[in-house]
Amino acid sequence: MSHPGPRDSGLQPERTLLAWQRTVIVFVAVALLYLRDPFEDPAVGGGVDPLYRLAAVLAVVAAVGVLIAHLRRRWRATAHGLHDDATGNPPAPVARPWALVLLSAATAALALVVAAGALLG
Amino acid sequence: MAGRPTTEGARDIADHTRHADRGPDPGGPPGSEPDYRFTLANERTFLAWIRTALALIAGAVAVLHLVPLDWHTGAKLAVGFSLTGLAVVITVYAPLRWIRVQKAMRRDQPLPMSALPVITAVGVALVCAVVLFGNYWS
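Chains as they are written, first to last, in full-length UniProt numbering: chain W, 1 to 121; chain H, 1 to 138.
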């Protein structure tokens with residue numbers, strides 16, 4: 001092993017990172033799903049102008065971009081989950097509290113965009 | 001899993017002073033930093049809730065925007081809005097629950113009960129009922 005320090009026998013930091021990645025992938029997938037044109041004419045599918053939809057989705061996905069950058073930075077700073085920056089212990093959460101709140105807010109915003117799109121369309 | 005460092009107590013104290021720059025510490029000063037594995041497990045639980053919310057949103061997108069359903073508009077909107085509403089409730093509740101659990105762990109208290117599983121289960125059951133209804137009311 002090239003990294004010094006104790007390795008977590010349950011690989012908890014790694015599992016947490018994977019959980020983050022799964023969540024981010026699902027998020028982007030749902031956003032793309034919303035972006036996709038309705039199968040039939042817009043009158044059936046509740047079609048808002050695709051440009052508005054694109055703008056809304058880009059705004060929401062931008063928040064996730066910030067999260068990805070934060071996760072990568074922190075994962076590197078902890079030497080891939082082996083030790084924390086300052087103490088040399090295994091790290092506490094992969095992300096900081098604001099990241100959790102940002103993810104929640106972005107998900108709620110996506111839900112509201114989906115609902116509003118159906119009302120306006 | 002079994003092997004915990006013997007210097008845990010000393011490390012906890014050291015953690016406490018050195019992590020002062022971590023920004024807003026969930027749970028606040030009282031109590032001590034919980035085992036990091038539990039902190040990470042709490043975070044994964046939060047992420048699982050967010051994925052649940054995203055799955056509900058995906059269902060709402062399918063009903064409201066994607067699948068050309070032969071439903072009455074009322075049934076369609078009812079299903080779509082219930083799903084998105086449920087997702088919003090979860091996204092509001094999930095971080096609150098994460099902080100509460102973190103607090104309880106710091107203070108060595110029993111974990112708080114959460115209404116979220118019940119809300120989700122009942123909500124999804126209701127949506128299923130309306131979907132059945134929507135199939136016959138066109």
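Please keep in mind that the hints were generated in silico from the structure rather than gathered at the bench.
Idealized CB from N, CA, C, for every residue including glycine.
Just to be clear, a hint being listed does not mean it is correct.
What the hints assert, rightly or not - Quick list of the computed label-pair ranges, beta carbon to beta carbon: (1) H:Val122 with W:Arg76: 36 to 46 Å; (2) W:Ala109 with H:Val124: 34 to 44 Å; (3) W:Ile68 with H:Val124: 21 to 31 Å; (4) H:Thr45 with W:Arg36: 25 to 35 Å; (5) W:Leu11 with H:Tyr136: 30 to 40 Å; (6) H:Asn135 with W:Trp98: 38 to 48 Å; (7) W:Leu35 with H:Ser114: 29 to 39 Å.
Consistency of the hints with the structure:
1. Checked against the hint of 36 to 46 Å, the pair Val122 (chain H) and Arg76 (chain W) passes, with Cβ atoms roughly 43 Å apart.
2. Checked against the hint of 34 to 44 Å, the C-beta distance between Ala109 (chain W) and Val124 (chain H) comes to roughly 22 Å, which is inconsistent with it.
3. The hinted range of 21 to 31 Å is satisfied by Ile68 (chain W) and Val124 (chain H), whose Cβ atoms lie roughly 30 Å apart.
4. Range check, Thr45 (chain H) to Arg36 (chain W): about 31 Å between beta-carbon atoms, so the 25 to 35 Å window is met.
5. Evaluation of the 30 to 40 Å hint for Leu11 (chain W) and Tyr136 (chain H) yields a failure: the beta carbon distance comes to about 50 Å.
6. Range check, Asn135 (chain H) to Trp98 (chain W): about 44 Å between beta-carbon atoms, so the 38 to 48 Å window is met.
7. The beta-carbon spacing between Leu35 (chain W) and Ser114 (chain H), approximately 33 Å, falls within the hinted interval of 29 to 39 Å.
The structure does not agree with the numbered hints 2, 5 stated previously, though it agrees with the rest.
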